[in-house]
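Starting from the known structure of chain C, arrange chain L on it as the hints suggest.
In case you want the letters, here they are:
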Amino acid sequence: MDFATLGGNIFGTIPLGDIVLYITPLNLFLFIVLLVFTLLIAISKTETQVEATLMKLSNTNVKVGKSEFKQRRFLAVICGIASAGAMITGDLFNFTLFMALIGILNIGIVSAVKQTSVLNSAYQYGLIAMMCSLPLFGGAAIILASTGTLSLEVLSQIQATPMVVFGAILMLLGILGESGVAPFFASKAEMFRTPGSPFIVIIHLSSLFIIVRAVEILLLVLW
Amino acid sequence: MKIGKIWNKLADPKTVPRLFAFCLGVILIVGFVVPMALNPDQIYTRPAPQEQVDEGLAIAPYDRGGEVLKSPGIINPQYPENARELGMITGYMSPLAQWVSSISPYFGTSIYSSPGGLIDEVLYYTRGFDTILESSILMMAFIIASWLTINYTMNKKDIEKDLKKAINDSSKVAHEVKVNDEKARAKQLRRDN
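Line order of the protein sequences matches chains C and L.
Letter by letter, the first sequence follows residues 108 to 330 in the working numbering.
Letter by letter, the second sequence follows residues 83 to 275 in the working numbering.
Source of the hints: derived by calculation from the structure; they are not laboratory data.
All figures in this text were calculated on a predicted structure; none of them were measured in a lab.
Covered stretches of chain L (in silico footprint by chain C; criterion: 3 or more residues with CB under 8 Å from a CB of chain C, positions within the stretch not fixed): (1) 148-161; (2) 208-220.
Mimicking SDA-like on lysine to any residue, the simulated pairs with C-alpha atoms at most 25 Å apart in a straight line are: (3) LYS91(L) with LEU234(C); (4) LYS260(L) with ALA159(C); (5) LYS170(C) with PRO302(C); (6) LYS96(L) with GLN222(C); (7) LYS170(C) with ASN250(L); (8) LYS247(L) with VAL220(C); (9) LYS163(C) with LYS254(L); (10) LYS247(L) with PRO302(C); (11) LYS260(L) with GLU158(C); (12) LYS177(C) with LYS243(L); (13) LYS243(L) with LYS254(L); (14) LYS170(C) with GLN222(C); (15) LYS173(C) with LEU245(L); (16) LYS84(L) with PRO290(C); (17) LYS221(C) with LEU312(C); (18) LYS96(L) with SER224(C); (19) LYS247(L) with VAL261(L); (20) LYS152(L) with MET170(L); (21) LYS246(L) with SER165(C); (22) LYS177(C) with THR301(C); (23) LYS254(L) with GLU264(L); (24) LYS152(C) with TYR234(L); (25) LYS177(C) with TYR230(C); (26) LYS152(L) with PRO177(L); (27) LYS221(C) with THR231(L); (28) LYS254(L) with GLN222(C); (29) LYS163(C) with THR223(C); (30) LYS265(L) with LEU164(C); (31) LYS247(L) with GLU175(C); (32) LYS87(L) with VAL108(L); (33) LYS96(L) with ALA296(C).
For every residue, glycine included, the Cβ atom is placed at its ideal position computed from N, Cα and C.
Same shape as in the complex, but just chain C (with noise of 0.2 Å):
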């Protein structure tokens, strides 16, 4: 499929080398929005939870302390930024490179909470994001090594071979473990249940937008 009858006509393209990244009216939007949404992050402060204390009448606050609140808040701000670039990118690789990314900020964006059942959730979810380096690279090199290229735009116009559908599928799975998508989303569900509200969404936010676009990238691979 080709970018213009998925995203609209192309307004242009950043060349970096081989890397192009291509602008979309869609992967404008996907980008502007993140964009947007990482800076109101950045701006803003952590909420506090308060909870009601164990055999008392009094509530318990629940607060961020002020190094973690920064360790936080810059993980979240390249957490956004990183989502936006795979948002924009025209490259196999790159995109793959992006999610990789994405899921070791993701686990660093939790890594200093001091609940335990939060810090167990982390530890899973960072097992399957090592698990899911396997199937995201090596479906890359499987679409590679049956395509010899690894540039979206190219790749568009290619027929899609049956080494192709596996790389795709393997990509798919790898995607699908690392944004914690239908059958895999306990551990990262169970990642958000803690204080510090808008760092935490950024890691839900990166995935839905990462989804919208692996979406998009498997349909111009496989059509």
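Below, chain L without anything else, positioned relative to chain C:
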């Protein structure tokens, strides 16, 4: 089994990596039956294995030809218009590297021994953005690990404070539970009598 029960089982974070590993294994096994063949029409070409060794070239598996700043080496970009000077410095070798390659036929097997020479322009010129991203993944991993190390293992005072607080809290809760338990038991005893 009802679908609700399956979803409940999947909601445990512990089972998710196992399920993922299982799915990955199944798909990789399916990969054995998919017909696979390397397309010879690759953009990032490499000479066939042992071809340059048999020819007896001094920098055997890495010889890409070309003269520095005069003629381009054998490099094939996807978008030649974005990389006009591609291949011009592929043949560069430092003086030390030239000397080593003149006395040893095995120089090409140790790419680290040629700083600045045999620069893979595919990596740094045409696909430089990938190289930046790769190293930023590593940098983020180091940032997270070092932040955790500094704040959770080196500042031991904080940890001791946290630990003390946790121990106090848990013993307080245990005490309260015990007292309530005894009360309830006494009540039950009274009722029974």
